[in-house]
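Visitor: Based on the hints, put chain B in the right spot on chain A.
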Amino acid sequence: MSESLSLTVNGVAYSVNVDMGRNLLSVLRGELGLTGTKEGCDDCECGACMVLIDGKPVNSCSFLAVQAADRSVTTIEGVVTPEGLDQVQQAFLEKGGVQCGFCTPGMIMSARALLDQCPDPSEEEIKIGLSGNLCRCTGYSRILAAVALAAAAD
Amino acid sequence: MPLVTEAERFIRSDGPDKVTGSGRYVADLSLTGMLTAKFLYAGVPHARITKLDVEPARQMSGVFAVITQDDVPERRFGSVADRTLFAQDVVRFEGEVIAAVAAIDDDSAQRAIDAIVFEYEELPPLTDLEEAIKDGALLVHENWESYAAGSVVRDGNVASFTSIERGDVDEGLADSDHVITSRYVADASHAAPIEPRGVVAQWEGDRVTIWSSTQVPFQARDGVCETLDLPSNRVRVVVPHLGGGFGGKCGFHYEAHVAALARAARRPVRLVFSREEEFLAPDRRREGMIVEITTGMTNDGDIKARKAKVLLDNGAYSADSSFFPHMAAMHAIGPYVIENVSAEASSIYTNHQPSGSVRAPTAPQGCWAVESHTDELAAAIGMDPVEFRKRNCVDTGRMSATGQVFDEIGLQQCLSDAVDGLGDISNLPEDESIGVGVGWWGSFPGASGAYVKIDSDGRGVIITGAQECGTGSVMTLPILVAKELGMDPDDFELVYQDTSAAPYDSGATGSQTILNNGRATVEAAQQVAAQLKDLAAKELEAAPEDIVLVDGRAHVAGSPEAAVDISRLARIASRGEMLLGRGSGTPAEYPSAVGVSCVGDQDLSWWVGPQFSCHAARIRLDRDTGVVRVLEVSTAHDSGVIINEVGAAGQVEGGVLMGIGQALTEGTVYSEDGGQLNPAFLDYKLQTIADAPRIKTSFVEVHTPGMGPHGSKPIAEAPNVATAAAISNAIAKLIGRPVRQLPMTAERVWAEARS
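Going down the list, the sequences are from chains A and B.
Per this note's numbering, the first sequence starts with residue 1, numbered consecutively.
Per this note's numbering, the second sequence starts with residue 155, numbered consecutively.
The following block holds chain A by itself, in its conformation from the complex (with noise of 0.2 Å):
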């Protein structure tokens, strides 16, 4: 059943019908044409999906989107600032911890997430704050070192 439901995505407020059972995942893609957060396993296992919800990081894959009514959401086309790259998008760059580039957009919102909450983390809660998100490329050393410049620079 379609209903209209009122989002807030990157500061910027949307109106949509859309079925009550659709995923926030498939109505950023499919409505909202915000297509840098990506579907991985549609199972919460790999972290491809990653969005903030009020700041907090949630797989949109397994979030319903009437649940984010009202609430504000965020995903990786709202990291960018006017002034350019965020810093954890610009350690991620410098670190060389973008290979194939599928998982970076989820690993980016979890360690903006992280960040945001503890400014100075040690290399275990960066572990912990990173292990919903796979990565198969990289062996995650360099997404380890990256998180911790972003630290730095933050």
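Hints may be right or wrong, so weigh each one.
[Said to hold, decoys possible] Derived DEER-like restraints, expressed as beta-carbon distance ranges:
id, chain 1, residue 1, chain 2, residue 2, range
1, B, 698, A, 154, 46 to 54 Å
2, B, 584, A, 154, 48 to 56 Å
3, B, 649, A, 81, 26 to 34 Å
None of these hints come from the bench; they were simulated from the model.
Just so you know, even glycine gets a beta-carbon here, dropped at the ideal spot from N, CA and C.
Guide: Structure of chain B alone, referenced to chain A:
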């Protein structure tokens, strides 16, 4: 020293797209009027089709096309041509495609799939490799003899066979002081890129453009041409960003199905796989394997003879698996000096998902088996396993087991460096240990092409047939071009992964991009450099051979004060000859084998520009649970001169982590009838950042002439060879014997420790 070091912080040019989410992958593409594709799969491993009626689906609203094998040409494909696009009469694995639907949306497509009448009579599934080669075994392909297969040696359920023989193995074993036999079994595993595959196809007149998440766009194009009977210039395959492949996206996958659907529907069509489909359907999983090795040696620890028998699970079809037996035989022999060898390897048809190239096919399991066996040999005579390897491994000037004498190689140095990289290991806690494994991997020279142009503003474009799968190989090409032209890598943009824009390249397969396309791109850049020097010579009234290109300018060597900007030369050239180079980099020739006989030869007994590696792992074992934690992996690689240190180290780190997964958690579990029981990340566990150990990377940079640019060799697959072996040997030290099945899950380690 690397051409570009870590400290120089080279940033890949596709990086900003990827960190901002603006980069497009196949699933992100949307075309006006685009339909959704879905497949009907067999769902059973082995059955005879008794009824297939798609008419009910065709009549449904929102459904634009439903196709089966009846709607496409009768063409078989594969390294043994044993497969058609859709199942015909018999289904041989659960993920075989029966029919394809194009509909207005997901729900309509699913309803159409559900409406197809598909009835079958189940046949007994063949899932056991050793049963499959017994006399009288059920044949997976009753008509196997009718398939085209080139020089592949086959027999019934043996889809391909290779043997390597040198010396007299029986005599060598008889003359040995110790003869040790080991048997190892590896479960099948998966490439598991995080991006599930997708294909979009759109026809305009008699031309089709296909956007595909393939590692090998030219091979995909050729597959479409072959199976849909189309000329190559009517089929354009374009790859947007590719979300990883690891071999799983090599080959020809579903591009023809979607193109045929789009033609029938008269609309663009998009197929995007779910994670479950990604596990079940593609003909690209890492093959299960049984390895039996017998080695004879002297009391002093000199290997005298080795006999090996390897069975590989080919699965139902032979996408590209025909060379696997030769590769597996080489890994069973290993990078050792052995005068007498006899290795036989067979890839066996079963009713499992087809096997295909996954990052260093046959190597992680083969290396795990032979290196675990090597530690058993060392233990039998009480010799340190590192010392045992130094004594027996190949080295510069020594002859391998297949009769190859190597030019300068760095394996012995890799052994020393990897072990040294672990630091002081003399006083480890009682629940910790270290293990070592050495590996080798071939390099694969081949044809490849590229263009380089510089436009009137002095900015350049590299137009290459090469495919970027995430490794950064294509992103490295501007470094090579800039070096030839005295310019900055940022002066160059890339046009890549488009079969209609660029010359042929074999794709992101066999770690070959820098090796082959790097050479081609350098050749193209050298042509442009020669043009620039001619132009500069006229401007500076000098001889072209005296001109050098440095920091964006051209000047006479030794006289930098009288220089002309390359951008000025580009402006001059734009009015006439234009700055345009082409390269096709002639591949190095394979040496011919001497003193070795080989049935089912796939040209792999001798490796041109072989890569060597040693991985040393420090682990901790919880004896109560069998849980192994990898604390540190120290690696050393001879991949020749390193071009881009960040990229190369990234390949090693990623390869190590994939190796840890294969060692400990990644294995497909099959039901008795051949169905996968864990086709999801919940049950098929990849390593997370929390599992990742410290990884130390060192390169033994042996300048290797005649291979890649600047004396380089490939790097992407080699780091995925020796990690599981190193972990296995560390576990064996703690529990007193090796765990003989891969992955060495907590349950298996626990059981072995108590047996």
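Visitor: Would you list, in rising numerical order, the hints stated earlier that this structure does not obey?
Guide: 2
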